[in-house]
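Colleague: Chains as they are written, first to last, in my numbering: chain A, 1 to 154; chain B, 1001 to 1777.
There could be a bad hint or two in this list.
[Stated by the list, open to error] Covered stretches of chain B, going by a simulated chain A footprint (3 or more residues, C-beta under 8 angstroms):
id: 1; segment: 1009 to 1017
id: 2; segment: 1493 to 1506
id: 3; segment: 1675 to 1685
id: 4; segment: 1709 to 1717
Treat the hints as calculated values from the structure; they're not laboratory data.
Each residue gets a CB set at the ideal place from its N, CA and C atoms; glycine is no exception.
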Amino acid sequence: MKIEVTVNGEHQSYDVEPRMLLVHFLRDVVGLTGTHVGCETSLCGACSVMLNGDAVKSCTVLAVQANGAEITTIEGLAQNGELHPIQEGFWECHGLQCGFCTPGMIIAAHQLLERNPKPSEADIRRGIEGNLCRCTGYQHIVDAVQYASKKMTT
Amino acid sequence: MPVSKSVGARIKRREDPRLIQGLAHYVDDIKLPNLLHVAILRSPYAHARINGINTDAAQNLSGVKSVVTGDDVKDVIGGIPCAATDPEGFPGIKVPHHPVLATGKVRFVGEPVAAVAATDAYIAQDALDLIEVDYEPLDAINSAEAAFADGAPVIHEDWDDNMAFTWSIAGGDVDAAFAEADHVVSQRIDHQRLVPNPMETRGVVAQYLPGKDQLNLWSSTQIPHLLRTQISVMLSMAENHVRVIAPEVGGGFGCKLNVYAEEALLGHMAKYLGQPVKWIEGRRENFLHTIHGRDQTGDVELAVKDDGTILGLNYTVTADVGAYYQLLTPAIPTLTGLMLCGSYTFKNVQMNLKAAFTNKMATDAYRGAGRPEATYLIERMIDVVAHDLDLDPLAVRRKNFIGKDAFPYETGTALAYDSGDYTAALDKALKIADYEALREQQAELREEGRYLGIGFSTYVEICGMGPSAAMPAGGWESSTVRVDPTGKVTVLTGVSPHGQGQETTFAQLIADGLGVDIDDIRIIHGDTDAVQYGIGTFGSRATAVGGTAMVHAMGKVKDKVVDIAAHLLESNPQDIVIEDGKYCVQGAPESGLTLGEIAMVAHVGVELPEGTEPGLAESHFFEPPNFTYPFGTHIAVVEVDADTGEVEIERYIAVDDCGNIINPLIVEGQVHGGIAQGVGQALYEEAIYDESGQMITGSFMDYALPKAHNFPRFELANTVTPSPVNPMGVKGVGEAGTIGSTPAIANAVIDALKPFGVRHIDLPLRPEKLWKLMQET
Chain A
1 MKIEVTVNGE HQSYDVEPRM LLVHFLRDVV GLTGTHVGCE TSLCGACSVM LNGDAVKSCT
61 VLAVQANGAE ITTIEGLAQN GELHPIQEGF WECHGLQCGF CTPGMIIAAH QLLERNPKPS
121 EADIRRGIEG NLCRCTGYQH IVDAVQYASK KMTT
Chain B
1001 MPVSKSVGAR IKRREDPRLI QGLAHYVDDI KLPNLLHVAI LRSPYAHARI NGINTDAAQN
1061 LSGVKSVVTG DDVKDVIGGI PCAATDPEGF PGIKVPHHPV LATGKVRFVG EPVAAVAATD
1121 AYIAQDALDL IEVDYEPLDA INSAEAAFAD GAPVIHEDWD DNMAFTWSIA GGDVDAAFAE
1181 ADHVVSQRID HQRLVPNPME TRGVVAQYLP GKDQLNLWSS TQIPHLLRTQ ISVMLSMAEN
1241 HVRVIAPEVG GGFGCKLNVY AEEALLGHMA KYLGQPVKWI EGRRENFLHT IHGRDQTGDV
1301 ELAVKDDGTI LGLNYTVTAD VGAYYQLLTP AIPTLTGLML CGSYTFKNVQ MNLKAAFTNK
1361 MATDAYRGAG RPEATYLIER MIDVVAHDLD LDPLAVRRKN FIGKDAFPYE TGTALAYDSG
1421 DYTAALDKAL KIADYEALRE QQAELREEGR YLGIGFSTYV EICGMGPSAA MPAGGWESST
1481 VRVDPTGKVT VLTGVSPHGQ GQETTFAQLI ADGLGVDIDD IRIIHGDTDA VQYGIGTFGS
1541 RATAVGGTAM VHAMGKVKDK VVDIAAHLLE SNPQDIVIED GKYCVQGAPE SGLTLGEIAM
1601 VAHVGVELPE GTEPGLAESH FFEPPNFTYP FGTHIAVVEV DADTGEVEIE RYIAVDDCGN
1661 IINPLIVEGQ VHGGIAQGVG QALYEEAIYD ESGQMITGSF MDYALPKAHN FPRFELANTV
1721 TPSPVNPMGV KGVGEAGTIG STPAIANAVI DALKPFGVRH IDLPLRPEKL WKLMQET
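Next comes chain B alone, as it looks inside the complex:
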């Protein structure tokens, strides 16, 4: 798409004025008359039987309106849904009932046990202390290994063991690849458990209108429509009597791509109490009971030739998925399997996964969702191959790259990579880094006993999710574009932005496409009573899929506008152009018509061409023919302090290719934030449960989110390889930074420690771990 006046420009965001002045309305800013405040009593045990609950004292506290337990709601609120339980895909999958409030047993610390509604949030908290629960503690399981051990306690007693599901994928001929190999390079790799931690926790406000039998549910969610469908099922309400509103949402990163206990519980409480209710998640609750990410441990083997050519890959892995499934839990590791070949030509690939129930919160989609595992694994292993065979890690990458002429390229896992030029991104990054000089500097510093490391990640990822056939709950997206009689344009989009800036980028596309001022455009999202059904924002899909739906809807509107203009100007539609904001016959803008003038004609309905419907609004539901595959090269330059083990990132170079770019400012922001999250995974973040199943990293004191001083100024550039999957040629950029950065940092730190004979270290690369390694060797 050519850069015109709006698309391609660094336009500052239209969302920002309300956000920088404190005028935005997040869930906690929703205030309703007679609002009751809900607090949730959560299990302090990882695994225990509930022998009884006494709520009398809590009920009697002044200001308490109601206390509900699992027994009170088990017959009226259905189980928390999981959309990925097909036994054909997951042979032998066990699907435990997942109640909104525990009954009989608790299975992880933080599991909801009871809920209090009171006139004041402080009183609701007081009441929690008055609820007496008779727990009988059971042995807890805090790892997949422990879950599979002989004699392990069984978490779900409907079955004999803790095997949740298995999954496998195979392509090519793995046995033949290993038979042909000169070397088998093996490594156990851990992908630690992470906590997404958007700065806004979750929150729900529910209001029931008895006169209409209508439930209004405000939730900090990425998927208002999918949530509406699921809530209506859980509460046995007609879906068209449930309205879900995602107000301003303070970040999601996948953890709000879900359906949670509190959403159904508050809906139920609002209805039976006859008063609106609000619950705002505390940060501690967020750590314990909002989904986690990653948590796979696996053995990877690469079949390799002497020259570094990779022939095949075999990955045998266990996933610790926690005690229950959330919306997409089993689906996440399947994305790991699909992307195991990375940017490389080998097609013989196999992954065998066993997933374990443990006494932890469920894992699910966290920024990247399964793909960071694949990218970290293959990019880390390329460096291990280089280490073992004494080859240059860059040479191994170049040797195995898929060539730019090979696209569309079918992988060993049956994906069709859409477009790419991996060498171009690598070359550009090397040039920015001044790679040769960096290696010289590294050698000089080593002489001084200082440890500089240079790490690469030449990633490819899968975005624009996705074709419906490959998704658990629809992969298309929707939009309606309507022009009001006065010429103002309203867009209804099925995606649900929460920081990604589509109120700006979508308006840029409309401004150029319809020839209107960007200030005359309004983008409406996140209200199921206002917007046609949509899927939501996740998987770097909002622009690639949702934006495409909008562009198609806009095209239909424009066709009609042009037809009407041609009729009014007594010309032919093919002769109508937009000049100076007017629809006119080419070369005659002085007699042209504004969009508003044409829209008024469309609405008055008198001067329309014969057979033309009045009004000016069109919808489109876009089904993408394929995923998109952004790629790039990230280079990290780090120094490890020999005295303390601390890692300082000296430079960070990222060359990303997300196809055509609508707003470079927003794309930069997405990449920056993504890099920071991937760096968090590499260096700082880890959710740790102790042997009794207590989470010992349940606050920002113990779980380190990256801070501003942890980073240098990122050096960003792009290559542009348009995607053929959508007419805009965009690929998506929400997750690239996170997927690309973790292996770049890990490879850099391990490169720095090469003089100590280090081959691999599991993440996070915290100072004490590195310091100990340096002392040992």
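Same shape as in the complex, but just chain A:
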């Protein structure tokens, strides 16, 4: 099937199998590496991307459902060589170890801060509950989101 999507600002048309998942489309057709498959069941959040402004788990969206959509992946956050404040926060606060959950976690944080620019610690912990991290114990991730919140609202 023919679909047209805008990925990280680039509009293009593609021919995809109807059953192809969005995450595989992004990885294998568009050729990006940042969106990861962690569980294929929407439970871990490693595959989170922004689809028309909403964070979605791209392992349970079909590529054809994204026809006409605007998608932002982790690769689309930094602008003109400048890290996004959330990326900066993860780096400054040691918000990652193995890094596998990190792109999805950053996308989830992005959604959270769009909806609630000054979240409390409890808001952050609840806001990222759809994303699993096995390395960090989450505390430095919370710090990273707080860092970004502060930077984005001052």
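For chain A, the structure is supplied; the task is to place chain B on it using the hints.
Modeller: Just chain B, lined up with the frame of chain A:
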């Protein structure tokens, strides 16, 4: 080691820019021309005979290149190796053949039966549905108890029963200790089966280059060199024609310290198909066929005096090790035995282990690997002693602590604890917790029908693995440090970091040691064609052993640099110092030379001191003289909801002593993550197989990994007792949090339920279990 400009500083990680921008390359990001995708057909039965396999329909599916079964590969791929089968250590051990694809019989759900290679991953999955396997189901065994029962079906028919191996350890005089005791305190303790669950599952890409007879194998592994050796044996290839690459690895926690069927299978398929192949493990497959942890059940008895002095310990335990051995399966419970004395002075100790084959995935090293069992057991039992004798759990701990002047201290299990000050860590944690106030708060809340609990864990663990004499496959580590002609420094390390941050911490050590900018240093790991043989990353060893190897190699480089500098400056080596990034005669930095200038001289080879070899690269293989023994005190404060049984962690205080600290930011991260995993074990996680051997907790829906809102903000502090085992005085910190936290949480929950007369509850402490207990009493 003094805090200088880099070591000891909270330096943000050099690994992170690629990881936070999605630019890192994990195994699934390796793309090769003509790549075929492999899917594995796995047994749906826990125990069954295979009477036949028909692959015709799968073979005929458009896009399928090949279907292989156990019969196709049994003569060309050797068995999956186990490195811990010495009958002297494990009397009567049975070592079953462990095929990469089942032949004749399947022995656990998830066991590989056939593999499909196709042009597309979706087609490979489609083809699995077309393979017809004629299974004859057999009765399954889902516990060690069932395995040892009379008339139990035998899993490996080369033998008469399911006894896998036995193991025992004894120190001191246990009989005398129990004869002298005022009390014998007993408890059955279960260590439930856990699934490591790194966020990146396993994955393999294999490519065969016929012109060179070379196999390139990318695998998400913690041990690239050990894997290379084993793959070359399994595939009968010369080891120097096999290259293993561990690319970015998305967490391991011990489960990637192994050699798996798919690694050899894909190597074989790449060679015989003449095309590269890729297999990426699904999460369901990861639950079923990547090693599990723990799964011991035992009876522990403590010989105790009236005043709480512990005289001895006797532990009789069974381990459910699953259907086959993986790389280190039998070795794991031996670490439990070694650490049974914990932080305490008793030396009369005995453990007798029987291990059972069952129809489950193998157990092996999962974060802590045998030591969490020991620590949970002794720390839990201290509280049971306090309960039975009506003593304060802290008083029992203090009564039995090894004193700070007793180090090096020989345990009843013949270990030599390197250094420690257990009281200092406990006192510091109590101060942070404001312990007296917590007890008052607990009493007040109880009046209101609210159940606050305070739990302790005053753990010690064994790290820096380890002296080779005590390891199944080498315990040393290697490094090469080389300075390029332009002064850039390249480090090759035999360890294989996958989240622990050694690209940063190792560079900190080099920056200070050689006087170079940290940005001029590159740490290379995980490629067996680039790096000299190494052992890998596990057992909290990467910095304590691998870092030490690097520091020694760096020292050799520095000696040569100083010799050359002295020669060029017409001075003596002992007068050369590093000032402002220049090697100079003390007090004369203006005439000094940069590392780059000296390196260029070393490479041009004309102005060298007489007898000095050109070039600037040195290697070191470090054999540690001992393990290291980190320790600390963790305090958990929890509230159990009387209406729901839910546990809320109110506070978590951790005072850890991992010796000297190179990067506090990274150490904090390790401790945080470790605590979270130990809390998972205490409260949420359990791998459950039903009576037919089906795993009923095989997804993140059914197997609860901790989430962000399950935790309060951890309150961390350190004491610093340097280790004498290595020149940096470091101990290792990768597993401390996991080992320390499980008993702290368990003791806190049980303390909370003291008004209900609760003495012990097995993990995990899920709400329904606690709620029922509160209803019953």
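Colleague: Do three or more residues of the segment 1493 to 1506 of chain B come closer than 8 angstroms to chain A, measuring C-beta to C-beta?
Modeller: holds (count 4)
Colleague: How does the coverage statement for the segment 1009 to 1017 of chain B fare against chain A, requiring three or more residues with Cβ below 8 angstroms from a Cβ of that chain?
Modeller: Holds, because 5 residues of the segment 1009 to 1017 of chain B bring their Cβ atoms closer than 8 angstroms to Cβ atoms of chain A.
Colleague: Counting residues of the segment 1709 to 1717 of chain B whose CB is closer than 8 angstroms to a CB in chain A, do you get three or more?
Modeller: holds (count 4)
Colleague: Okay, the segment 1675 to 1685 of chain B and chain A, do three or more residues pass the C-beta test at under 8 angstroms?
Modeller: With 3 residues close enough to chain A, the hint holds.
Violated hints: none; the structure is consistent with every hint.
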